[in-house]
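Here the protein sequences line up with chains A and B, keeping their order. The first sequence stops at residue 291 when you use my numbering, and every number in between is there. The second sequence stops at residue 1209 when you use my numbering, and every number in between is there.
Do not rely on the hints blindly, as some may be mistaken.
In silico BS3-like cross-links for lysine-lysine, where the CA-CA straight-line distance does not exceed 30 Å [to be verified]:
hint	chain 1	residue 1	chain 2	residue 2
1	A	Lys-44	B	Lys-1191
2	A	Lys-89	B	Lys-1191
3	A	Lys-21	A	Lys-44
Hints are computed from structural coordinates only; laboratory data are not their basis. Only a predicted model underlies this, so the values are computations on that prediction, with no experimental measurement involved.
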Amino acid sequence: MRIAPERIEDAAKELYVRALKDLPPDIKRGFATLAARETGATAKAVLGTMIENIAVAERTGNLLCQDTGIPIYNVTIGREAEVDGVALKAAIRRGCERATREYPLRSSIVHPLTRRNEHTSCGIGVPVIHVDFSDAYAGLKIEMIPKGSGSENNSWLRMAIPAEGIDAIRTFVIDCVLGAGGKTCPPTIVGVGVGGTADLCVHLAKVAATRSLGSRCADPDGAELEARLSAAVNLLGVGPQGLGGDATAFAVHVELAATHITMNPVAVNMQCHSARRASALLTADGVEYGY
Amino acid sequence: MAHHEFTMPVTEAQVRALVVDDTVTLNGTLFGIRDATQIALFDRGRATRFDLNGHAVIHTAPNVKKVAPAPAHPTGYAPVCVGTTTSARMERFTRPLMAQCGVRVVIGKGGLGADSAAAFRELGGVYLAIIGGAAALETTWIEAIEDVDLDDLNPESLWQFRVRNFGPLRVAMDSRGGNLYATVDAAAKAKRAAALAALGVGSGSPPRF
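Please take these sequences and the hints and turn them into a complete structure.
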């Protein structure tokens, strides 16, 4: 089936606004879980305000958070979908720009040297567009993530060495969570990339941070590591907004890639409590929106 | 843990009465300020026509909509979504904000550093924690955008909001040395060893991961 660029443009526009307004159900469940087991009085109140905000956003039709983020579009092309790849990227860019101008959204994107804001949410290399292929979908899937800067500003890479072992990974994650404190808008999803090259490792951390809550690392050893890290970071007491409490993170997610015999890289990227994402599946029959 | 109702601007004595874990609700004028705003004011020597003396600033850059100027929207801007950004990036501007502009109250998320804490002590100021990411709720506390300056920096303009029942906000850094972030940070660092032990760091034995 051929997917026309006009349909991709409309979906790209719609997804940006949807993602900013409608928190995925797995994140809402994550809030309920954290609130139920929180023991700190301040933290309970802070979590209560965050949950109230989700309800206010739904009731008023407003954005959850003022930060429109760096727009990221993850495109997955299924076996039966045919698309002009060059037109696809241009269509996503147009959709992102239209969402910004027509809603209107705050354009959070500036040139990195001149700091000039074109008020389009677009710039050199932005929106970030990743294209991959999968047999999991019959059509073309687009996931949109408006990645907030408070959490993105707390991103780290450490090129540890094999002699430091897995202890280097464990220690690094704990120290990143301590270093971030309240700046990342906790409770967060702590994304950890392990292995690969330097750039792949950082990319994996982002994939991990933006995965749905309840999902597991596909590798069993990675899944065990993320479960243990999830428990450990919530021993620290950083708490929601860094004001103290049990709920420092919804979860730690780990993504792995094979690496070189001399290397032991680890990266951390965090997702704030407004862990926004939206997706669209474009098929011959139409478009289906989800998370 | 007292609650305070502030109609802005406030006096030094009002601010010095606040202690950590008190709560404050603001009414009246609130100024929105951000990275580029403060770089312009304090690094590039630009001036504002606004009088910030005794006022509160919030670390923000709102989503706004251009509308026809009317009594409800005197600047031709209507608020769409007004939230709060991470304060730590703007740490070095707290002291000049207070010393040069007379600001008494900084509202933000995530806290400020040691020099801001010292400025609050020496000059009489306070940091109020708002809940970051709760912008839909925060927007309901904004009545209007009354004025705007340095608007070539949009969205990082210097915004003048009129607010109603803005809060309650938690006093997280006071003028007496109280600092909730420093307390939480020290307590969290003291738990580092226990967290690493739970992960088996240094044991060299199972659990493997």
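- Query: Going straight from one Cα to the other, do Lys-21(A) and Lys-44(A) come out at no more than 30 Å?
  - Reply: holds, 24 Å
- Task: For the pair we were handed, Lys-44(A) and Lys-1191(B), check the Cα-Cα distance against 30 Å.
- Result: Holds, because 21 Å separates the two Cα atoms, which is no more than 30 Å.
- Message: With the threshold set at 30 Å, check whether the alpha-carbon distance from Lys-89(A) to Lys-1191(B) stays at or below it.
- Response: violated, 47 Å
In this structure, only the earlier hint numbered 2 is contradicted, and the remaining ones agree with it.
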